[in-house]
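Q: The primary structure of each chain is shown beneath.
There are 2 protein chains.
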Amino acid sequence: MSTAEETDGENTPWSEVTPEAARRLLVAAVEAFAERGYHATTTRDIAGRAGMSPAALYIHYKTKEELLHRISRIGHDRALLLLETAADRDGTAAERLAGAVQAFVRWHAERHTTARVVQYELEALSDEHRAEIVELRRKSDAAVRRIISEGVRTGEFDVPDVPGTTLAVLSLCIDVARWFNAQGSRTPDEVGTLYADLVLRMVGPRK
Amino acid sequence: MSTAEETDGENTPWSEVTPEAARRLLVAAVEAFAERGYHATTTRDIAGRAGMSPAALYIHYKTKEELLHRISRIGHDRALLLLETAADRDGTAAERLAGAVQAFVRWHAERHTTARVVQYELEALSDEHRAEIVELRRKSDAAVRRIISEGVRTGEFDVPDVPGTTLAVLSLCIDVARWFNAQGSRTPDEVGTLYADLVLRMVGPRK
Chain A
-4 MSTAEETDGE NTPWSEVTPE AARRLLVAAV EAFAERGYHA TTTRDIAGRA GMSPAALYIH
56 YKTKEELLHR ISRIGHDRAL LLLETAADRD GTAAERLAGA VQAFVRWHAE RHTTARVVQY
116 ELEALSDEHR AEIVELRRKS DAAVRRIISE GVRTGEFDVP DVPGTTLAVL SLCIDVARWF
176 NAQGSRTPDE VGTLYADLVL RMVGPRK
Chain B
-4 MSTAEETDGE NTPWSEVTPE AARRLLVAAV EAFAERGYHA TTTRDIAGRA GMSPAALYIH
56 YKTKEELLHR ISRIGHDRAL LLLETAADRD GTAAERLAGA VQAFVRWHAE RHTTARVVQY
116 ELEALSDEHR AEIVELRRKS DAAVRRIISE GVRTGEFDVP DVPGTTLAVL SLCIDVARWF
176 NAQGSRTPDE VGTLYADLVL RMVGPRK
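Line order of the protein sequences matches chains A and B.
When the letters of the first sequence are read in order and numbered with our numbering, they come out as residues -4 to 202.
When the letters of the second sequence are read in order and numbered with our numbering, they come out as residues -4 to 202.
All clues stand as given, with none of them false.
Put simply, identical chains are the same to the list, so a pair is met inside one copy or across any two.
Derived lysine to aspartate or glutamate pairs resembling DMTMM-like cross-links, with alpha carbons at most 25 angstroms apart: (1) K59 to E116; (2) K57 to E127; (3) K59 to E30; (4) K59 to E26.
Since the hints were derived computationally from the structure, they do not count as laboratory data.
Chain A with its partners taken away, still in its complex shape (with noise of 0.2 angstroms):
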């Protein structure tokens, strides 16, 4: 199976965004504010990346803004999904650990252009729609402790500081989209790999 086809569905990235010329522009939103950052991309710029006007642009967008919301909404909505079919499935608590860092860091790795956006773009959204993104980043973080709390009470982990662990195997998993990249010696798969075994190190218990 090749590594595409492992994505849960993210075979066709952006599927869910229609009709075509709004997915158009919106992958070219997600390289022009990766490669010069939001501030830096007008509206503009990425009509011209996307082969349109910028008047075509204000027929699926009105604002820059508008944007970014839609490409941290879907990324974080991607997010969370992943991280709770982790938690809900069936198994051990080390084994939908393992599961959840795994394709945590697999999106990260795959999608890292998209992923840097979602990640460091956050200050750029509005109010109104930073706080709905901040309550979905709060749902990841649940679903990961609520991972992390059934195995410290099984007696599977011993983990003393359960919210500090937690945001730390996310904020791991996260940097893989800082530092990947395609053309290096890991794949997304083999990062996964050895991340989930870093991480159930941290929650194993002490020898």
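Based on these hints, arrange chain B on the given structure of chain A.
A: Structure of chain B alone, referenced to chain A:
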């Protein structure tokens, strides 16, 4: 002892930058780059923040890239010094690794605005400057890898993938700059202590 006093001689950030006007411009550049991104910031913005004219800025810095390079160089020199100092200390590998993580985390927490610029704007450096910074990062990586390798050799640590684990340890610490909030519930030292414990678990013998 206050947190500021515990920062390994960083009581006066940018004290290596003289004269005072050059330092003021550098501080203004860090703030502007962190807030709006490198590409969205003009030298005029930076001069304005420092209460100076664009002409006065050019006396000290020929280009915006020169400011970014100076910030990046000072930040990377500091990071390397912290890690090599920890690696060169007496003590067990566990003690030295814990010290390295504590110091590296503390820097990324206390100086999170600077650290974000240092970590996220590498692509904006000129090729020559980027090569110089990449070499400093290679040395930082080598300092941590050395501690982990020594711990493996003495049997203190059990680490199947030393380069991958080194990468993960540094990545975990670096991402503190993204999420750390000075108004949050954890101090830089508390995060450092938590992370040192988590990293020792990552490299420790399995039960």
